[in-house]
Amino acid sequence: MSKLCLMLTKLLVLICILFSFTIQAKQQSLRVAVASNFASIAKQLAQDFEQEHQVKIHWITGATGTLYQQIRHGAPYDVIFAADKLRPQTLADNGKLLDQSLLPYAIGQLSLYSAKYPNMSNQELIHQLPNFDRVAIANPDTAPYGKAAKQWLVTNGLWSKLEGKTVVGINVGQTFLQVRSKGADIGFVASSQLIATGIKERPVTLKDVQQLTQYAGVLKGSKQAKLALALINYFRQPSTQNKLANLGYLPVV
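Just so you know, the sequence shown maps onto residues -25 to -1, 1 to 228 in mature numbering (1 follows the signal peptide of the UniProt record, and there is no 0).
Each hint should be verified, as a subset may be incorrect.
Below, computed lysine-lysine pairings styled on DSSO-like, alpha-carbon distance capped at 30 Å [said to hold, decoys possible]:
id, residue 1, residue 2
1, K136, K195
2, K31, K218
3, K91, K31
4, K31, K60
Have a look at the derived ranges for each label pair, beta carbon to beta carbon [what the hints assert, rightly or not]:
id, residue 1, residue 2, range
5, Q26, Q103, 44 to 54 Å
6, K175, G70, 39 to 49 Å
7, K201, V129, 39 to 49 Å
Keep in mind the hints are simulated off the structure, nothing from the lab. Note that the Cβ used here is the ideal one computed from N, Cα and C, for glycine as well.
Construct the complete structure from the given sequences, taking the supplied hints into account.
This is how it looks when you write it as structure tokens:
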């Protein structure tokens, strides 16, 4: 009897191992390049997509301009979620994206935020901006949120007054950390970052800025093109758009 039990146990273990290998073999994967402002929210919201499609998503985070350059030089991504339209549109124009896959998925909002001076009113923060010693901003050349921040400063006649005072981050994620850690007096960040981290200080959401419509696209070399497009449409569906509206973004559909 004991020998029979032992044989059955071994057989059961073998079946479990084979079943495990089968599941792993069936599980697909996606390499997703995602702009820094959207990274943490994308990872959170995509969990249902991963379960539904039995897919493991590998997220590569960075400034949109940096991700764009990586793709130009052959980085093997399946899809890009950029923080603007310019870079993915350029990729599409150069034949790097699948036709009809360039789609908007969110509209970002730019905020002025200070962890160092939480009691200042919105008007005071804007009025005192030229007097701060360290003003954090994402790199305007590679990060769309940095570009929008610079344009706002130029439009309001403040850019020249901040010469020598700007602390430039490689992306808006780094800029947010600089402000939150009080390494900078104040900074331009994504509204979504403040909501995602539960910031209690009152930020200034800047309305008179260029619209930060964020686009995604499927890379032409992707072996998971259908799944990659499904991921983009997952973020565009009404239920996900409603969630994004509560997380600092404006809807696109």
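Hints, one by one, checked against the model:
For a cut-off of 30 Å, the pair hint linking K136 to K195 is broken: about 44 Å separates their Cα positions. With a C-alpha separation of about 22 Å, the suggested pairing of K31 with K218 holds against the 30 Å cut-off. Taking the CA atoms of K91 and K31, the gap is about 39 Å. The hint is violated against a cut of 30 Å. The hinted pair formed by K31 and K60 meets the criterion: a straight-line CA distance of about 26 Å does not exceed 30 Å.
At about 48 Å, the beta-carbon gap between Q26 and Q103 stays in the expected band of 44 to 54 Å. Distance hint check for K175 and G70: the Cβ-Cβ separation is about 47 Å, which falls inside the suggested range of 39 to 49 Å. Between K201 and V129 the CB atoms are about 43 Å apart, so this pair conforms to the stated range of 39 to 49 Å.
In this structure, the hints that do not hold are numbers 1 and 3, in rising order.
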